[in-house]
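Trainee: Here the protein sequences line up with chains A and B, keeping their order.
If you count the first sequence from 1, position 307 lands on 307 in my numbering, and the numbers rise without skipping.
Here my numbering = 1-based position in the second sequence + 1000.
Nothing false has been slipped in among the hints.
Now the stretches of chain A that chain B is said to cover, found in silico as 3 or more residues with beta-carbon under 8 angstroms:
#: 1; region: 122-128
#: 2; region: 153-163
#: 3; region: 233-241
One side of the interface only, derived from the structure: several residues of chain A facing chain B at Cβ under 7 angstroms:
#: 4; residue: 119
#: 5; residue: 141
#: 6; residue: 143
#: 7; residue: 148
#: 8; residue: 176
#: 9; residue: 249
#: 10; residue: 268
#: 11; residue: 273
#: 12; residue: 274
#: 13; residue: 321
#: 14; residue: 354
#: 15; residue: 357
#: 16; residue: 365
Just so you know, these hints were derived from the structure itself, not from any lab.
C-beta: ideal position from N, C-alpha, C; glycine also.
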Amino acid sequence: MSAPNSDYDPVEVTPLHPDEIARMRDEALAAVAAADSVAALKQVRIDHAGDRSPLALANREIGALPPQARKEAGQRVGQARGAVTQALAARTAEVESAELERALEAEKVDVTLPTDGRRPGARHPVTTISEHVADIFVAMGWEVAEGPEVEAEWLNFDALNLGPDHPARTMQDTFWVSPEQAATVLRTHTSPVQARTMLTRKPPIYVVCPGRVFRTDELDATHSPVFHQVEGLAIDEGLSMAHLKGTLDHFAQAIYGDGMTTRFRPSYFPFTEPSAEMDLLCYVCHNEPADVASCRTCKGEGWVEWGGCGVVNPRVLTACGVDPERYSGFAFGIGLDRTITGRYDIADLRDLFDGDVRFTEPFGVEL
Amino acid sequence: MRVPVSWLRDHVELPADLSAEALADRLTAFDLKLEEIVSSGVSGPLVVGRVLALVKEPQKNGKTINWCRVDVGERNDPSVPDAPGDDVPSRGIVCGAHNFVEGDLVVVSLPGTVLPEVGFEISARKTYGHVSDGMICSTAELGLSADAFPGSEDGIIVLPADAAAPGADAIALLGLDQVVLDLEVNPDRAYALSMRGVARDAGIALGVAFHDPADVDAVEVATDGPGAYPVVVDDPAACPVFAALTVEGIDPTATTPAWMARRIELAGMRSISLAVDVTNYVMLELGFPIHGYDRALLRGPLRVRRATEGEQLTTLDGTVRTLTAEDAVVCDDRGPVGLGGVMGGEEVEMSATTTDVVIEVAYWDPPMIARTARLQKVSSEAGKRNERGVDPTLPARVARRVADLLVEHGGGTLLPGLTLIGEPPVLGAVTLDAGLPARITGVDIDTPTAVAALEANGCTVEVAGDRLTVQPPPWRPDLTDPYDIVEEVLRVVGYDQVPSILPTAPAGRGLTRAQQLRRRAGRVLAGDGLVEVKTFPFAGPADLDRLGLPADDPRRDLVLLANPLSTEEPGLTTTLLTGLLRAAELNVGRGHTDAAIVELARVFRPAERPEAPIYGVDRRPTVDELAALDAALPEQPHHVALVMTGRRELADWSGPGRAATWADALEIVRHLATELHVTLEVEAASVAPWHPGRCAAMLLDGTVVGHAGELHPKVVEAYGLPPRAVAAEVDLDALIAASPPVGPRPEFSTFPVAKEDLALVVADDVPAARVAEAIATADPIIESVRLFDVYTGDQVAEGHRSLAFALRLRAPDRTLTEDDIRTAREAAVAAAGARCGAQLR
Ligand SMILES: [Zn+2]
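Pulled out of the complex, with its shape left as it was, chain B reads as follows:
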């Protein structure tokens, strides 16, 4: 809400020396938060001038300039410069515009004027062979809208002939000295979308007198007469109050007075025509939206009803709207001519030929307006006020104020007769414990203080024992609950009065196990050299194509958004690799080819799910009702994913470094699992986006919880990564769920160890892990098995390889004998032979 301070001063007795900053501070403390203080920044000798003479001088560049003599009154240069015409005191000014003639009043910036829009201080300068002693200004150079100065669009400002005498200060004349407070108005303070409301709050905040601009005598017009336009309200719930007045015979050429146009512009709206400007001006002044109809275009009586489903209306903004039964419309005999409380229709709009105006001032049901604004996706000054709730007692007075201004400035006649249908709804009184303000705010607020604060805001308060009954004023529909009353009291007492007391919470139990383990995972991964990134979870088919996911891959099934920011990314990702690979691409693109990145975040898995129910808010939903809410949500497990490109160890004096390989990706996931005391099994897998021969599935009790390995070369190419980039993704929630509450008990024997090596030949397609497992479980004294060599070549058969294992043998209760060792060794060979077809080499 843009509030010109001078306008505010019409309604509240602000101290003359009060600065805009000090006023804004007080209003901010009153919940009218300052966004910014707007001022023109124009300073210096900007004056009114009369063009005494002008000589048109064609130039070589094809332009014609005007060499003018301008009378600027007491600011004329006594030395009489080299200007055309008689030797009258004046100034010589060169001007390139052509929309003015001798005798016109113009705006002159003399040397020393500062115009922020121009960007430099005006000075006398030599141009086109003359010394130009200033500049004749256009609206753009002054930061003004051309709307307020007809004919100025392609030239300079020509002031009305009676605007002021030459030499008069133009800064004040044009309102360039105006300071505007741009205030943020919260949705509960509809009243503050008006000078009336802001002025009232300023009065309370500063303790000065407020004069209510709506406090004019109510309409003295009888409810019958030719001006009472016939109106039928079919749906009083939608439109509880409807008032109308008629003004006839307005001069369609009458223009908006400059002060009014200027105020409308300062308040952030455009000046359009007298009739429109008057309705906007009164809306800004009193906060009540007004709609004016061109009476000549109306056919028959006005009727307020709900729209029928599918009914169409073209609104003022040129949009053809298809209405629903939720919307209220104002109709005449042809059908809807306005979207009630939100926007008028195009067909009956006031125009440059309008002479007779029907002024509609109606109070609409706020929730209905909010629904219409939302469903029709329309935002208007009227809708913004009506949906928040305006003062329903005002319509007749607002209509009268509009009529009076139209008559005053447009020369029309207010016809006798007022249409007034309905009664303003009365706001409910709020009863509260007199101690509540103190209890809720922690500030020592006694009853007289609370009552005074509320009365200042226009409430009436009854005190009965320890109960307060508060009747809010009609412009405060937001005051419905005892806590609303508390806030209103605290606003006056001052938020800065709230003391600081640290409450004592009961002893807590710290982080949950899952929270601790997620932190642990983050630290372990960082310890493994990975840099955490945060990417957006949005993805689309193009991302999934780049990953090479086949058509039937379940990860292609995204939770879709109704209103995604980009049509390229219409859904929520099922894999963190969509974001991570883009981040890898960015790092590589920025020359950081050796990057190891990781993300811990949720992914989203859709499923056929019921719609989420919407419950009332007057009670807690039942356990079953709560379960129904959760049942409507997709699964959202935390995943961990990583991508490594280029080298894991950099080349340096000690060697050529080492590229990150599929094994590193696996190792990091395994290390993570180990830190969570979870053992993962590994199986060969062939899953996008991994290399089909270099991808491991990681399993937990037979269920796949993730994959790791080298990326498919096509994926590497699609993201422009260095060859053989690697990646992994694992379901962190699954690992955490499997993590035992207590880690394994340490078990070790203090008897001597025996070491045995075993070389076995197996077929190429036998996984080494299976052989190792066969050996490890062959005899209880086999403490550990470690693969230390893999050999293929002349000494083993084609299609086979030799795996060499180092075994450590130890018994928990005795020193091993030669027999023990031989038995274990034979058992290992036998088990590997039986389960994996292994032969002792």
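Next up, chain A with everything else stripped away, as it sits in the complex:
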């Protein structure tokens, strides 16, 4: 080293020499690359990017340079420090991600373990089919009517053209409330709801009446003293049997799908005239020639019995205060229990009523 010199050359400041800066940067980058944990990276950050790191110290030397040299040196040091910071950030992200992955791997569970400790509930299929039927009619603008299960004799019979000596009364197998002169019964059909509707509303009337009904049949595989029906009633100007057929065809399609249809056979009900039994095109074989002969559901008939229907007898209209000269109407009824047993191929009706949860569970909350 020579004596102090006025021609001092600032370029000679060693830490700011380009090669030296490149070396410090490369050293730092190598350290970053070598770090394989968050802890190691923390040390690398202190050693190579901290306040006392070689590049930070070099940066401080810039002030000693003559003004014309500071810019270049500043850029050089800044670029080196930037490269180190960037590498640190990238490596940190990498290492953190790897560490998270390891941690998650360590927390792995057996997802096939049972998680069904709490059993789901379910609704009875007769409830859900009844709601489904109601929804189909509500979608057409109909409303849902209801009435009591213990019913006045007059509403269950007389108002429906079943006078006290009508032979059809004996077909009904009625539960009478004691004493018999109380003139109250367990309703034998949901038809008294129709009567109540006509008695309390003005036409036009379009209602469905789902509900529980009772007859004195002993419980066996195909009979039950308690069962469920849905009936429909429409009273309006100009209604005919054709509208009844149209309604039932639509109903059949809504429940069983496109292409379904119904057919009428003559029958007798005191509250309708003309009356008909309605058959539903077999929903399994669709009366297709290839399938019908071997079909168990319809026993080769191509049709299954579905319910009764007809044009409301004007005598019923009169008893219920509807002018038969101005209005006509139709009514129909189907058995909901039979719809369920038929559709799900349930051989024993008792399964619906003995309360075994294993019967209801598979039906879930909606059909």
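Based on the hints, put chain B with the ligand in the right spot on chain A.
Mentor: The following block gives chain B with the ligand in isolation, referenced to the frame of chain A:
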């Protein structure tokens, strides 16, 4: 109604090649619905045989068999088997019956015969040391009734000596080729309870000629003469027409001709004796019930009157009946000898010694017959027809038909003289708009079509402008209203002609609020893990005993049924738990011990109520009259009830599971109420069937609407349930009625929350809910209070417990200050102290 097709063919010209199925299809389309086609199913070589020889061979087993040689004509075996007797062509057959001798004609099923009653095809087989080349048949093996073959009851059929030649086909001879249509006859079609009626409909349905069996010359007998038995009709309203003829000198040993007996059996009745069979045969043929009296047993003239109240009569079925003034009786000098139109009396019944018969053919008032049949609880072939309404113009002709058959087959004499009292009622004509059939059916039916259809049914029709006046034939009393006429027309036109047109209903308002909420309740309960069941609402004292209801419990007061299916369950239940606990019992019994079941249904609460009025049907009842109907009915609210047994959460890898507890039962009811936006208060209660210390009453505005908790151990035991089963029952209608039309408006503050914990010591008998309530209402900034710990032990006094509450404090309009918080805390402690005696711990 069982209709033998061959009998039908006597009266209607059915095409020879018409199958029974095709005929049944047409009749079904005509409102005579086929129930089933009945045929014997017998096929193969069933023939007549003559027993040429029989050798009795005792067997080791104590039986004696007959080794027979039977001549079966052209079906004899030419090889001449090892049979007893001469070498005549014949067959050798072993037979175990003993009611026949050499020379008798018998029925032989040769190998290849199929007898459904026997269950296998007959073949030659080795038995008792012989090859039996067929079988000699009994009535049972052929599916025949023994009645038609006297002496065949304990053996084989012995045919009359002139029945047929050996070898003749016995299938036709015995009518085993007969096909019977079993038709369902609706109550408005009384006429179809006869061959006459079915044949007429078959004629219309198939467009072929019908020959009316009643269309014989009316009786040529004068109304006076020794045969006109004296009859007085006191009550012509009950019995508008009464005809009688007398046949004398019938041979009591004369038997019913085989064809007639067979037809009666095919039609589903029994062959009894010639006289009885003839009356039944003619009833089946013409649809008109007939009663025959043994004239020797009658005392004095017959008199038709109403019974006096309490009068007694023993009917043919051996029942002693106590009559009412509603019933009509036929009397002789001693009193009633028959229940008019329903059943004859025992005392004057025709028997095996009857030689002189008085034939009664009377037309009775149908509603009266229906009433008698109902009140006397008697169902008879006669009553069934008379209550529906028979052809009132027929009596004289029916009597004549019976008399002729008795004379023909019983050898008697028809005495001159006919009793004929009264005039047949004339059915009213029905006038209707000619356009009505088209309007009501939706089928394009013009007037000529309608008229033709009606005339085919025996109506006469007058057309005047756009009005039709229809006179129904006398056998169609059901045609009273214009709509009846429409149905009759449509039946001929065809129900399959009705087009399909979907009507447009006016816009509806959807489900009612109550309907929506009941659905919501069902879904919420299912969401809480409950499985819905449907049980029967029948219950009795035994059920209520099992529930442990005390004697004065109002739920013991059941609506009782006059005719319950079981005397054990005479009433309608007041609580859904009767059915649900039985269902729980069933599930547990089937090994399903962790069951959570729920039912939504009505219960029935009786009360002193007036009788329900019966109104006329010629007008709408008034508003007050309708109210009187409803006032007669018991309350029938919808309830929800649930029962949970065993575990609510099953044991698995994560832990031991969790038993359903009283708290779960409460929580489910509370959750249901919350979903309906209803707040229930809870109070301790002691009510069966619950555990007296673990039962909550659920209240709505101070009124109890349900209970929930753990079941009483005795109830659990009575139903065989796992220990500590729980249950709840609540009045769903009450919850729904309390449910506000719109749920609460959301209210919340966005200012910071302050949290404070508060531990209070209270006496054991102070309900935690009361303490919580005291705290919650102590200061408006107390946003919520939640009990998070209950402590009893050394650190609190005997008989006391420590309740720890977490409070959240917040003001709607500002951030709370330390002062606010301290004030609220002090207010809470003070309120709990004042209202519940609580001390800060
Ligand atoms: Zn099918």
